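K.L.:
Please take these sequences and the hints and turn them into a complete structure.
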Amino acid sequence: MTRVLPVLCVLAVVITVWFAASVPMNWSQAAALADDNASWADIAAATQSLERPLLPTPAQIAGNMVTTLFFYPITAPRSLLHHALVTAWESLFGFVISLGAGIALAIGIVHIRTLDRTLMPWLVASQAIPVLAIAPMVVVVLGNIGLTGALPKALIAGWLSFFPITTGMVKGLRSSDVMQRDLLHTYNATVSQIFTKLRWPSSMAFLFPAMKVAAPLALVGAIVAELPTGAQAGLGARLLTGSYYGLTLQIWSALLMAALLAVLAIGLVDVAQAVLVRGRGGRL
Amino acid sequence: MRAVAPEAPAWPDTQVLPREAAHPLESPVGETVIEASGLGVTFAAHGHETVALTGVDLAIRKGEFVSLIGPSGCGKTTLLRLIADLTQATSGSLTVNGMTPAEARQKRAYGYVFQAPALYPWRNVERNVMLPLEVMGLPREERRRRASRVLELVGLSEFRRRFPWQLSGGMQQRASIARALSFEPPLLLMDEPFGALDEITRDGLTLHLHQLWQRTGLTAVFVTHSVPEAVFLSTRIVVMSSRPGRVVAVIDSRLPRERDLDVRETQQFLSVAHEVRVALRQGHADA
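Residue numbers (our numbering), protein chains in the order written: chain A, 1 to 284; chain B, 1 to 287.
Hints listed in this document are in silico derivations from the structure and should not be mistaken for laboratory results.
Keep in mind the model is a prediction, meaning the values are calculated, not measured.
The C-beta atom is built at its ideal place from N, Cα and C for all residues, glycine as well.
Some hints could be false.
What the hints assert, rightly or not - Pulled a few chain A residues facing chain B out of the computed Cβ check, cut under 10 Å:
{"hint": "1", "residue": "76"}
{"hint": "2", "residue": "79"}
{"hint": "3", "residue": "180"}
{"hint": "4", "residue": "182"}
{"hint": "5", "residue": "204"}
{"hint": "6", "residue": "280"}
{"hint": "7", "residue": "284"}
P.N.:
Here is the structure:
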């Protein structure tokens, strides 16, 4: 309760300010649509229920989300659940790619001096390229060789999220102290034993924070990658069609759904971490 | 989070480390285990040369307990690390069991106890003790058996499921000694293992280390900067000095092989301690 209460307080403040802001933001539109003899109160009330408000109220967004999540069949193009699942799958796929590639790169960098010297600048450069610029190219090129569906989006998601995994794991695999390493040296341990007995377990304290950064990035990557595909499916598609047609409610619902997915993703990482911590007697 | 466990009972002195069989690397009694001649290490850094150790001639026989004592920077830890193949000599020769230190290390000829316990925090005490046994590829049952034996030897049986951070400093260091003993090395190298502990804990551990050495017939090399500790434990004391690091005297202890803490009050003890102090001062004056 002591943990939930502060969160609820902040939420209450945000929602109050939001409701208050929706009145002036939507005033001119409500006024234009109102009868000539409408009172101030009528216009104020109208700001709360416009079809395409500049700033939808929390109540409108909640209503829209409930309807689109639960009252359409999951295969319907209007079902938010359908789009959320598409994006979630692409993000998860991308996150697995980034985890695999990120850890593999870190292992290479830690063990092979040449990679340590040559790879890092390229990895940094890869992150300096705006994903908005590269996503359409990747999607279009892969589409031309017949690769469509989740894979191109997962690749973009992986591209955007592997970097924190790599840097975290490079640091983590090197985080053991000299004495801990000397100890294995006195046992004449092999490189692979040093990895499994020392480097890998000591990197966990770095992997989990890195995953918490990477998981929402994978989600962003998947959404961005959905934009240039002609907006077929996914939360990115909902955002794009929403902005085409000025459907602000649809945009806000998709945004909030993306935020919820990110919270869910970080929650899953937390659960995995808790399982590991239990096996370690209570500390990561 | 659980509170730090209370100090475990002292090492039970009825326990004996039962040796299964003679260690294959074990040399006959009295045979030279470690032999150094003209041994030296020079570190080069930033175009500067630092002589860490020079001209060390030393022979350590099987079953001896040899302490290396001296001020900071005298190269006592460096000498221990040379024996363990953790540092490379730049001059002279050194053999361990008649082999180069590297070969001896590859044959797992020694157990090493560091200044800090260096336990792996994600492993409980038992699994820390089993670490060398895992690396050496012993079967699971054998690992369990040996771990429980050495944990009993150091009085930590009840604490085998605890994690390092749940133990006191003294218990952690006992766990690290158990880990070094778990694969029954004939040679135990210890680098100021009790340096970070309070005096009461230290006294207890020193006595138990002495008893352990007596029962097992180990050869031990022990780095310390405490004169009473060195005199109490050792059959021979190697006094070292700094700038450059070197051996200034090797003092044979006249104390009986079997000792208890009361021996520290005897005239013999005080005279050996005096001899060590004189040699330390002499080394300091020469520098």
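K.L.:
Just pull the numbers of the violated hints for me, sorted ascending.
P.N.:
Failing hints, ascending: 1 and 2.
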